[in-house]
Amino acid sequence: MKTRIVLFTIAVFSLLPLSVLALYAVAPGWRFPDVIPAEFDLRAVHYLLSQAGPVSRHMFSSLGYSLLTVALTFIICIAPAHHFARYDFKGKPLLEGLFLAPALVPSMTFSMGIHWLFIKTELVDTFPGVVLVLTIFSYPYMLRALTAGYQAFGKEYELCARNLGATPVQRFLHVELPLLMPSVIAGGSVVFLVAFSEYFLVFLIGGGAVDSFTGYLFPYLVSSDRSTGALMTLVFLTVPILLFIFIEIGISRTYRRRGIY
Amino acid sequence: MSSGNRPSRTFLKLSPLLVPFVALFMGGLFMAVAQSLGFFLPIPYEGGIFDAYRELFRPHILASAGHSLWVAAVSSTLAVSIGSIMAYQIWQLPERSGRMAIIYKIPLTLPHIAVAFIILVFLSQSGVFASIAHQLGLVKTVRDFPPLLHGTGGAGMILAYVFKEVPFVIILALAVLRRMDPRLVETARMLGAKPTAVFLRVVIPHMLPALHTAFIILFLYGFGAFDIPFLLGESSPAMLSIETYNLYFRRDLVNRPTAMAILVCMFLFSAVFIVLYTRIAARISGKDRKL
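Sequence lines, in order, name chains B and P. When we follow my numbering, the leftmost residue of the first sequence carries the number 1, and every step to the right adds one. When we follow my numbering, the leftmost residue of the second sequence carries the number 1, and every step to the right adds one.
Since the hints were derived computationally from the structure, they do not count as laboratory data. Keep in mind the model is a prediction, meaning the values are calculated, not measured. Worth double-checking, as some hints may not be accurate.
Said to hold, decoys possible - To give an idea of the interface, some chain B residues facing chain P are shown, with a C-beta separation under 8 Å as derived from the structure:
1. V12
2. S14
3. V20
4. A22
5. Y24
6. V26
7. L104
8. T109
9. W116
10. I136
Beta carbons are placed, not taken as given, at the ideal position from N, Cα and C, and that holds for glycine.
With these hints in hand, go ahead and build the complete structure from the sequences.
Written as structure tokens, this is what we have:
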């Protein structure tokens with residue numbers, strides 16, 4: 001009984017809003033005081049189909065800068081994460097705290113200054129500029145995940161591979177990376193979500209010149225036609241949800257089969 | 001591997017992060033401070049060096065700061081409370097239903113602007129809740145439904161944050177609970193502790209470090225974020241982020257130092273908040289341990 005109540009509460013809060021959006025999508029004329037729409041029509045769906053070009057263009061652009069952000073955060077965090085997990089050095093707690101700051105303090109406080117720096121270096125309104133600003137905003141999640149990942153297995157693996165004569169590159173690719181994969185996926189998922197759903201930073205640095213799905217979505221969300229906004233939101237959701245299903249099923253199953261986790 | 005301990009090697013290994021951190025994060029902050037003092041502005045600056053900071057004492061900016069603090073404090077407190085209770089409930093579920101409970105993560109995948117849109121759809125005066133209230137005979141016209149999204153202490157923004165943030169708290173709290181020995185809870189029960197007592201005196205102390213982390217993150221996010229207030233915020237008092245945005249983009253360039261001064265103060269407040277909060281939390285838990 002209690003189990004049912006808990007599951008029901010969770011279902012109401014996570015699925016009901018989406019069901020309402022789905023209803024709105026097929027009932028543009030739904031308005032007060034009807035609890036169930038009086039009539040259904042596919043106007044919004046037809047509109048979406050007619051916009052297939054722009055929708056996919058913005059979607060691919062968002063997907064592109066988000067995946068690049070994941071890759072870049074991984075590249076800049078991997079060596080520092082190893083060092084934080086394996087060694088003690090002077091000022092380590094302070095540095096660890098400082099490196100978390102970009103995810104904690106309001107992003108506006110440093111991004112407006114970055115906007116000025118990027119105007120001077122002509123990175124504003126460019127794709128690399130957007131990736132850079134998203135990276136500086138979201139890398140702490142990757143850093144935390146990788147540091148925790150390194151801490152989860154001892155340095156014996158590295159030592160053993162080293163004693164067997166593996167080069168640093170071999171050690172990284174064949175020993176550390178497979179063991180780290182769950183952390184890379186965990187950190188990468190968060191970074192991806194943060195980058196993919198960010199509106200303000202992309203709008204500030206991309207300035208409309210860099211396509212983004214959040215930027216494309218925004219005018220629909222504030223327009224009086226809720227039907228299109230609802231449908232576009234559902235379209236938006238498909239990407240992260242598909243990605244997580246893919247990760248959940250594909251990668252974790254591979255790992256389980258190999259008996260690593 | 002003692003050679004890994006040399007300062008030069010530390011510096012080398014941290015440099016992939018150190019360089020972008022200094023160039024972009026510190027650089028960005030430095031620019032905000034400089035512009036707030038009147039340097040590097042696109043137009044010649046004529047005021048005194050701290051003039052922009054004097055502007056901050058105007059009533060509407062102080063009201064904005066108060067409003068931001070209020071929305072941040074209420075939303076993060078609610079999210080952490082609800083999230084910790086839900087995490088405990090999910091943890092107690094039998095394994096199969098526990099796996100079904102994973103749908104709690106759905107709001108996490110929604111971008112903030114979409115969450116704001118959902119709140120609009122549900123809570124506006126002609127929204128879903130208003131329609132339900134009409135069917136129940138509670139309201140007759142659109143105007144009878146309370147205007148939750150306008151001028152009522154940021155209720156819309158608070159609800160949007162709570163909806164989006166509860167799953168985040170659940171994730172953090174569940175991760176800790178999964179490492180907790182279930183026998184602790186069983187023992188407390190066998191010794192006659194009531195369910196609330198078990199939750200408050202056994203489960204909560206276990207989750208506390210994770211809850212502190214969640215509170216700091218969510219409080220500062222609510223305090224300084226832009227997306228949700230941009231869709232749901234009122235114009236006066238506006239949230240600090242919106243006030244800054246208006247000063248920076250929508251008004252004269254003369255206002256830029258003031259916008260930057262707000263940002264500098266927001267940053268200082270956040271830094272002080274993190275330090276004070278972690279100190280106080282550490283001291284309180286230190287006392288607990290002595291008992």
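Now the hints, each set against the structure:
| no. | hint | verdict |
| --- | --- | --- |
| 1 | V12 | violated, 11 Å |
| 2 | S14 | holds, 4 Å |
| 3 | V20 | holds, 6 Å |
| 4 | A22 | violated, 12 Å |
| 5 | Y24 | holds, 7 Å |
| 6 | V26 | violated, 14 Å |
| 7 | L104 | holds, 6 Å |
| 8 | T109 | holds, 4 Å |
| 9 | W116 | holds, 5 Å |
| 10 | I136 | holds, 4 Å |
When each numbered hint is compared with the structure, violations occur for hints 1, 4 and 6.
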